[in-house]
Amino acid sequence: MIDTALAVLPAGLVAALPHLAHQAFFGAVAAAGFGVLFNFGGRTLLWCALAGALALGVRTLGQDAGFSLEAASFAAAATTSCVAILMKGRLGIACHAVALAGCIPMVPGAFLGQALLGFFSVTAADAAQPVASVVGALQAFIRVVATLGAIGAGLAIPAHLLHSRQF
Amino acid sequence: MNAAETDPVRVRHRELERIAHVALQVGCLLTQSGAAVRVAHEGARLIAAGFGAEVLGMRSGYASFEVTVGAGRNTITRMMQVGPHGVNHRLDFAVRNLAVRVSQGGFTPEAIEAELSRLRGETPRHPPWLVALATGAACAAFGRLLGTDWPAFLPVLAGGGIGQGLRHILLGRGINVFVVATIIGCVAAALAGFGAKIAGSGTVDMAMMASILLLVPGVPSTNAQTDIMDGYPTMGSARAVWVVMIMVFAVTGLWLAELALGIVS
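In order, the protein sequence lines correspond to chains A and B. For the first sequence, this note's numbering gives the first residue as 1, with consecutive numbering after it. For the second sequence, this note's numbering gives the first residue as 1001, with consecutive numbering after it.
Distance condition first, Cα-Cα at most 25 Å in a straight line; then the derived SDA-like pairs of lysine to any residue: (1) A:K88 <-> A:I157; (2) A:K88 <-> A:G57; (3) B:K1197 <-> B:P1151; (4) A:K88 <-> B:M1229; (5) B:K1197 <-> A:S121; (6) A:K88 <-> B:N1097; (7) A:K88 <-> B:Q1104; (8) A:K88 <-> B:D1230; (9) A:K88 <-> A:R165; (10) A:K88 <-> B:T1123; (11) B:K1197 <-> A:H22; (12) B:K1197 <-> A:F120; (13) A:K88 <-> B:S1103; (14) B:K1197 <-> B:G1147; (15) B:K1197 <-> B:A1158; (16) A:K88 <-> B:P1220; (17) A:K88 <-> B:N1088; (18) A:K88 <-> B:V1100; (19) A:K88 <-> B:P1124; (20) B:K1197 <-> B:L1256; (21) B:K1197 <-> B:L1166; (22) B:K1197 <-> A:G118; (23) A:K88 <-> B:R1038; (24) A:K88 <-> B:R1101; (25) A:K88 <-> A:H163; (26) A:K88 <-> A:R43; (27) A:K88 <-> A:A75; (28) A:K88 <-> B:Q1225; (29) A:K88 <-> B:R1090.
Residues from chain B shown here face chain A by an in silico Cβ test under 8 Å; the list is partial: (30) N1088; (31) F1093; (32) R1096; (33) A1134; (34) L1213; (35) V1216.
Distance windows between CB atoms, simulated: (36) A:L161 <-> B:I1169: 39 to 49 Å; (37) A:G149 <-> B:M1079: 29 to 39 Å; (38) A:R43 <-> B:G1231: 28 to 38 Å; (39) B:A1111 <-> A:H163: 24 to 34 Å; (40) A:K88 <-> B:L1130: 20 to 30 Å.
Since the hints were made in silico from the structure, they are not lab data. Quantities reported herein were computed from a predicted structural model and do not represent experimental measurements. Backbone N, C-alpha and C define an ideal beta-carbon position, used for all residues, glycine too.
Input sequences plus hints: build the corresponding full structure.
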């Protein structure tokens, strides 16, 4: 049965499935882990995991389709926000918080760390290739700002357009 | 009984003061639990509405919350200090639920204060060991998403988990949140880096980075943008500066760990 289903899918998509599943699984683990840190309740944690899997799945598909990280992050956040709002009947007003928790694994903390480490390296007395270090750090920093902006906009725009209330 | 105690204007002012006080407590608690400014303002407005009072104005700073409530021609303005910011989903939504119930009437300011006190004390929290384990797992998952190899998985999990456990202890002792970020950044990255090296990982740098991602303030960074979009640029900017400051201190810890492990000179 699985073989029949796979035969219908384009070959490129089939080849990408293991990577997609890997990203979605670890997106779910990261979202649920941070959900525990943010004190989400037991059942809501499952929804956080699903939201994380959806967000990372959409972002991975977007990047595989040639989107930039920023564009793929925006698409993933907007999709997660829309799905969470559509699930409001089950999730209640917590739908926005669940969508946000799902998008936490996409926050580019590692890029911000790389940017700051790059700036630190320039301050060394005998900095090697300072111009390249500054340019690299600035690039990473700009990616952080753009990606965070994309995630925030992707989460907020559907909520505003669909007039989803927070109380 | 003197004239001041029966003066209807003074009596109304005292009532308004009590209303303003509980509205401020709700606004502050929502802010401290990780809610955006719009949500905190709506919570405070619902409290005032439950007493038939109108909110004429509110202002949220990073460390203070102000409200002006009025009824008829009487108005009063009060301000309250906001405590440490964090993220507590269950407390956040319990307070939102209380605000909705109060807006339907039937509460006294004393009853609201008692309920807030109960919510602060009795809202369930996950045990610290579970939070540490889950945070470590989240860091390890982050690592996989960033491209760390399998030998680095357990060291990142251990580094992140121990880092979170230590953060819980240090914050409980009242140590400055930025100092804690440096300490945790150093300890978590050193443990993850050392463990990954011993395990034969080829992605030690990335493992060290992944282990400090528990310190990335994800909710404040998205709240910063939400606040600016909602028309509160002052709070949004303050949150953004706070996020950058936390990361500067966390990365300083990471840099110290790299220095200790001989990854940078």
